[in-house]
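Asker: Here are the chains, one letter per residue:
There are 2 protein chains.
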Amino acid sequence: MSTAYVEIICVGNELLIGKTLNTNAHWLAKKITSLGLPVRRITVVGDDLDEISSIVRESIQRKPAFIIVTGGLGPTFDDKTLEGVAKALDKDLEENKEALEMIRKTYERYVAEGRMEKFEMTPYRVKMARLPRGAKPLPNPVGTAPGVLIEHKDVSLVMLPGVPQEMMAIFEESIEPLLREISGNLTFYETSLEVRGVPESDMAPIIEEVMRDNPYVYIKSHPRISEKTHHIELHFSTTSDEQDAARRRIERAILQISEIIRVRGGRIQAIQI
Amino acid sequence: MSTAYVEIICVGNELLIGKTLNTNAHWLAKKITSLGLPVRRITVVGDDLDEISSIVRESIQRKPAFIIVTGGLGPTFDDKTLEGVAKALDKDLEENKEALEMIRKTYERYVAEGRMEKFEMTPYRVKMARLPRGAKPLPNPVGTAPGVLIEHKDVSLVMLPGVPQEMMAIFEESIEPLLREISGNLTFYETSLEVRGVPESDMAPIIEEVMRDNPYVYIKSHPRISEKTHHIELHFSTTSDEQDAARRRIERAILQISEIIRVRGGRIQAIQI
Chain E
0 MSTAYVEIIC VGNELLIGKT LNTNAHWLAK KITSLGLPVR RITVVGDDLD EISSIVRESI
60 QRKPAFIIVT GGLGPTFDDK TLEGVAKALD KDLEENKEAL EMIRKTYERY VAEGRMEKFE
120 MTPYRVKMAR LPRGAKPLPN PVGTAPGVLI EHKDVSLVML PGVPQEMMAI FEESIEPLLR
180 EISGNLTFYE TSLEVRGVPE SDMAPIIEEV MRDNPYVYIK SHPRISEKTH HIELHFSTTS
240 DEQDAARRRI ERAILQISEI IRVRGGRIQA IQI
Chain B
0 MSTAYVEIIC VGNELLIGKT LNTNAHWLAK KITSLGLPVR RITVVGDDLD EISSIVRESI
60 QRKPAFIIVT GGLGPTFDDK TLEGVAKALD KDLEENKEAL EMIRKTYERY VAEGRMEKFE
120 MTPYRVKMAR LPRGAKPLPN PVGTAPGVLI EHKDVSLVML PGVPQEMMAI FEESIEPLLR
180 EISGNLTFYE TSLEVRGVPE SDMAPIIEEV MRDNPYVYIK SHPRISEKTH HIELHFSTTS
240 DEQDAARRRI ERAILQISEI IRVRGGRIQA IQI
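Residue numbers (numbering that gives the first Met the number 0), protein chains in the order written: chain E, 0 to 272; chain B, 0 to 272.
Some clues are possibly wrong.
Simulated pairs of lysine-lysine, DSSO-like, Cα-Cα distance not exceeding 27 Å [unchecked claim]: (1) B/K135 / E/K18; (2) E/K86 / B/K62; (3) E/K29 / B/K29; (4) B/K18 / E/K62; (5) B/K62 / E/K62; (6) B/K29 / B/K18; (7) E/K86 / E/K96.
Just so you have them, the derived chain B footprint on chain E, three or more residues with Cβ under 8 Å [to be verified]: (8) 3-17; (9) 199-205; (10) 215-224.
Hints listed in this document are in silico derivations from the structure and should not be mistaken for laboratory results.
Remember, it's a predicted structure, so these values are computed and weren't measured experimentally.
Glycine included, C-beta positions come from ideal geometry on N, C-alpha and C.
Construct the entire structure; sequences and hints are all you get.
Answerer: Below, the structure written as structure tokens:
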């Protein structure tokens, strides 16, 4: 089993002031997990050069296989991700011809589609093509700022725009295939049970017992607030290179825990597969 | 103006596998910002002792006024936050009498309300009262696990449960007053404008100009994907100890930017105040 893992870094003041809910981290975490790779850490920092370069440097030192950075690739003064990454890697920013060509084509398409009257390559547009030396631009099928890939020692750094549709499109087109390569055939398999009538503190020893008997299955309890009764979601997950084996493992654990819960007077309300 | 700031740490595998959207971080960030204190970093780690103790140690070294940790206070084996914090601070965990009393009273209430038949103080329930030495338990008006406050050098560490209703209730009752004390009268003031018809790369120099003329106002553009036209949300914010001054500052910036946008052929669709 691979020990390669991923870190996610999200850049944006809007996340730190609670203006925007971090759906990007959620989408990426779910996607990467489903590809069989664990996400070990998610960090949010503001649009600040020192904050960005610090977190990138710290993350590289932890040696993840991939660092995925979202946000801060656009044309405005506070889009500082590439400058921060360049600083962390001690590289210069330079105009990347391939990136510039991608940006030009997008604006030419906007003009052709009537979304803009005319188009000039202003310094603000060129800014999106100023990449750390040695970086590779990734096509953005939805917006203007290209994604960016940098191979640094054993870490692949991926920079994606903060606009969700652009982030998702570049990820699926350019990054998902790379992650599949390093994860091999691993897949993540999960199921949930809704349990009522047993307090979480009484579920605790039951979970321990069932996890001891089912060593590859991870069981986590999520208590739900409800007025009249104890209500818990039990989440079962496992990672395996064989779908059927993964499903069987989880089924076995569910069978065992269901039996114990019934004996204790609890009720299993629903199973989500 | 105070330079005190806050860091948020969220503990939970469910966040790293993308099962749960991190609404806790969003709620806390919004709340803390509205109290006039900046949030500088948000980190998510899993239910892992070393990960928890590492991030707490790293965060303390950055010297925030407050570190707010959510998740991992419950009775199950993978609730490891207090153990991780104790390890980071090099303190022992010990049974806290006040915390134990809080937990006992909650279960006694459950029995009185008919939610449980009887109640025993099992090791799993006692676990929620095992706090780092010197810690102060914070009453949980909604669930069983108390919150925890630790004063360590110049940092206040606050541990809150991961269940949103419990986290919010303890924060509002016990932490909000402490944050108000250090932020003084500072408040955060924000407004948004919806702009159509100007691409973000053309808004960039306009934003710079208006921010230069309105030095206390921060303007951030958030492009929205739309098929036919350029669509941007402009977000204006400022922090001040005087409500009226803050509002006037933002109004002045909006007036100036609106004029420029109209001249450029853009349309202002809506103003949110």
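Asker: What hints, given by number in increasing order, does this structure fail?
Answerer: 1
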